[in-house]
Amino acid sequence: MTKARIEARFAQLKAENRAAFVPYVMAGDPDAATAAAILKALPAAGADLIEVGFPFSDPMAEGPPIQRAAQRALANGMTLTGVLAAVAQFRKGDDTTPVILMGYANPLIGWGFEAFARDMAASGVDGLIVVDIPPEEADPLADALDAENLSLIRLATPTTDDARLPIVVRRTSGFVYYVSVAGVTGVKEADADIVAPHVARVRAASGLPVAVGFGIKTPERAGAIAKVADAVVVGSALVDEVASALAMNESVTGRVLSKVESLAKAVRSARVESLTV
Amino acid sequence: MNAPLTPNDYTAYPDAAGRFGDYGGRYVPETLMPLVHDLDAAYSAAKVDPAFQGELKSFLKHYVGRPSPLYFAERLTKHYGGAKIYLKREELNHTGAHKINNCMGQILLAMKMGKTRIIAETGAGQHGVATATVCARFGLPCVVYMGAVDVERQKANVFRMNLLGAKVEPVTSGSATLKDAMNEALRDWVTNVHDTYYLIGSAAGPHPYPVMVRDFQAVIGIETKQQVLEMEGRLPDALVACVGGGSNAIGLFHPFLNDESVKLFGVEASGDGLDTDRHAAAINGGRPGVLHGNKTYLLQDKDGQINEAHSISAGLDYPGIGPEHSWLHDVGRAKYLTCTDAEALAAFQLLAELEGILPAIESAHALARLPEICAEVGKDGIVVLNLSGRGDKDVETVAAHLGRQI
Chain A
455 MTKARIEARF AQLKAENRAA FVPYVMAGDP DAATAAAILK ALPAAGADLI
505 EVGFPFSDPM AEGPPIQRAA QRALANGMTL TGVLAAVAQF RKGDDTTPVI
555 LMGYANPLIG WGFEAFARDM AASGVDGLIV VDIPPEEADP LADALDAENL
605 SLIRLATPTT DDARLPIVVR RTSGFVYYVS VAGVTGVKEA DADIVAPHVA
655 RVRAASGLPV AVGFGIKTPE RAGAIAKVAD AVVVGSALVD EVASALAMNE
705 SVTGRVLSKV ESLAKAVRSA RVESLTV
Chain B
234 MNAPLTPNDY TAYPDAAGRF GDYGGRYVPE TLMPLVHDLD AAYSAAKVDP
284 AFQGELKSFL KHYVGRPSPL YFAERLTKHY GGAKIYLKRE ELNHTGAHKI
334 NNCMGQILLA MKMGKTRIIA ETGAGQHGVA TATVCARFGL PCVVYMGAVD
384 VERQKANVFR MNLLGAKVEP VTSGSATLKD AMNEALRDWV TNVHDTYYLI
434 GSAAGPHPYP VMVRDFQAVI GIETKQQVLE MEGRLPDALV ACVGGGSNAI
484 GLFHPFLNDE SVKLFGVEAS GDGLDTDRHA AAINGGRPGV LHGNKTYLLQ
534 DKDGQINEAH SISAGLDYPG IGPEHSWLHD VGRAKYLTCT DAEALAAFQL
584 LAELEGILPA IESAHALARL PEICAEVGKD GIVVLNLSGR GDKDVETVAA
634 HLGRQI
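Protein chains in written order, with our numbering: chain A, 455 to 731; chain B, 234 to 639.
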């Protein structure tokens with residue numbers, strides 16, 4: 455079932471000639487109830503796929519915004535069990551929007567890859583990105599996900615050259631995530647002109663849709679990337695809305711969803727505008 | 234899980250993928266994988282390059298001051314009344330600890346690779362000082378990441394690094410200690426992939442760091458073997474060293490791994506005690522997981538979140554341990570004991586009084602286990618302890634714990 459959900463969504467988007475908008479939200483940020491309300495409302499706000507971060511104490515590829523989001527979630531008691539429960543709850547109201555979990559290896563190792571894959575499938579999760587499990591270390595995880603027909607989504611980066619690209623896309627499915635900048639999340643800014651040839655390169659090597667993320671903060675930039683990529687991922691800018699709302703004592707849900715709407719609108723209209731220009 | 238097989242040749246590890254049994258590996262983000270492969274290739278070439286090894290040897294002799302003496306601690310031996318105790322005097326190296334052995338090797342490699350900027354993490358500041366030292370010597374810019382908590386409690390070392398021209402970046406993320414400094418150094422490396430060399434201070438991190446750092450520190454064990462054979466005409470019965478990440482211990486142990494008559498003892502810091510949540514004993518109080526690029530024993534909670542380590546010794550205050558130690562523990566080749574803050578303090582004072590040597594508080598953890606180890610090998614036995622660093626840096630800490638003003 456689950457790989458099918460991602461494939462069906464990208465087929466639909468292709469028919470509509472538009473890129474996917476993929477918000478990244480941290481599970482349990484700032485607390486389980488608020489995060490669940492945000493998750494539930496994301497598809498209506500314009501999310502085509504959803505990445506749900508599972509918090510880790512030592513996220514080595516994240517910039518300050520997502521580090522702090524993880525700390526907020528952990529401080530309020532979020533666990534991997536809670537993450538799966540949140541997705542299962544979401545699935546009760548939405549059976550078509552793909553959900554991808556994204557995080558780090560250590561919490562999964564304690565759970566066990568086979569058991570986690572089974573529990574992911576049972577909760578309605580479609581795919582998994584593990585930032586610190588590169589292809590060289592991924593076979594046990596890939597075996598476990600294959601057994602449940604779940605997608606292992608790989609990261610390709612500016613340092614992934616043509617010689618390495620086949621290694622990166624081997625055993626990946628659903629889509630490939632192109633990290634647009636060499637750096638941590640939410641610091642440098644992605645440049646559509648620089649990203650475009652890499653997206654083409656990764657698409658050719660994988661035969662899969664290519665999502666672009668890391669360094670996309672504004673609707674303008676999201677729109678520019680949407681012209682060259684199959685999906686646009688925004689994470690740090692959304693968790694920053696959580697932080698700002700908490701600091702200003704405003705509605706977290708309201709601020710995050712409003713940002714999602716403006717980003718989704720930019721992504722949806724990107725190719726339409728480019729046709730009329 | 235099946236018990237791991239006892240290997241025929243302990244020195245044949247790690248395998249090509251950087252595995253010591255189930256431990257080690259390369260768990261880093263994709264951005265870093267090409268760099269880790271480049272480093273592996275560069276180090277493999279340097280390892281067998283006589284010119285590189287000759288240059289390293291020359292700097293170790295004339296700049297670091299090697300070989301370090303193997304010293305018979307006569308009064309300490311008498312005090313315990315058991316085996317003969319020898320101290321491998323790594324504290325006499327330039328900068329006062331074993332850390333410089335590895336820094337010298339890696340800086341030469343970094344220059345060979347054409348890297349122009351060096352970054353490092355540090356806990357107490359010893360590795361930071363050693364890195365800043367070699368960067369000054371070779372004229373390379375150096376950024377040292379240090380937890381904000383450690384910056385505060387190790388002000389002298391921060392100033393020392395500044396004098397040597399290094400920039401110290403206080404890290405406020407997470408718990409603001411060594412593990413967070415390592416996270417931040419990795420984040421810097423991911424961001425500055427083209428010109429930057431990450432000089433890791435312990436035998437941990439993604440392959441090839443654990444094997445490379447071990448090889449650069451193995452000079453300790455190689456010299457020890459030669460020296461003990463000259464002085465005693467036979468191999469020692471036991472080796473003992475403190476273990477945080479474990480570079481001084483693996484450097485001493487490695488040349489003896491296939492000498493099965495030589496017992497190996499690592500000593501982890503158990504802080505307030507193993508039965509409390511304030512310790513740094515990854516093997517004795519943790520379980521395997523993945524952090525900072527390698528699979529190894531880690532302090533973590535039931536959900537796989539990393540726990541903060543606690544030790545009087547900033548150099549042992551780390552929630553993990555080098556992967557080769559995890560493997561040596563599992564296969565039973567080395568035994569990992571523990572030592573509390575209080576025991577380390579007592580051992581610190583004892584060595585000062587009996588031998589006129591202030592040991593690093595890290596090394597004092599190894600000293601504290603000498604009574605049991607000397608008793609185990611018996612009166613005719615020979616024990617070599619790695620005195621990995623000098624204790625001048627710890628005088629304030631020790632005074633504070635003894636309730637004395639200086």
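No lab work stands behind these hints, which were simulated from the structure alone. Fair warning: there could be bad hints in the mix.
What the hints assert, rightly or not - Computed spacing ranges between beta-carbons, pair by pair:
1) B:586 - A:597: 47 to 53 Å
2) A:674 - B:381: 33 to 39 Å
3) B:520 - A:704: 56 to 62 Å
4) B:249 - A:487: 47 to 53 Å
5) B:347 - A:495: 48 to 54 Å
6) A:704 - B:511: 37 to 43 Å
7) B:585 - A:535: 30 to 36 Å
8) B:347 - A:651: 36 to 42 Å
9) A:487 - B:245: 27 to 33 Å
10) A:539 - B:520: 22 to 28 Å
11) B:371 - A:495: 34 to 40 Å
12) A:594 - B:565: 40 to 46 Å
13) B:625 - A:651: 37 to 43 Å
14) B:400 - A:674: 30 to 36 Å
As the list claims (entries may be wrong) - One-sided excerpt, in silico: chain A residues whose CB lies under 8 Å from chain B:
15) 512
16) 534
17) 563
18) 586
19) 611
20) 648
By construction, the Cβ of each residue, glycine as well, lies at the ideal position given by its N, Cα and C atoms.
ask   = Tell me, which hint numbers fail for this structure?
value = Of the numbered hints given earlier, those the structure breaks are 1, 3, 7, 8, 9, 11, 12, 13, 20, listed in rising order.
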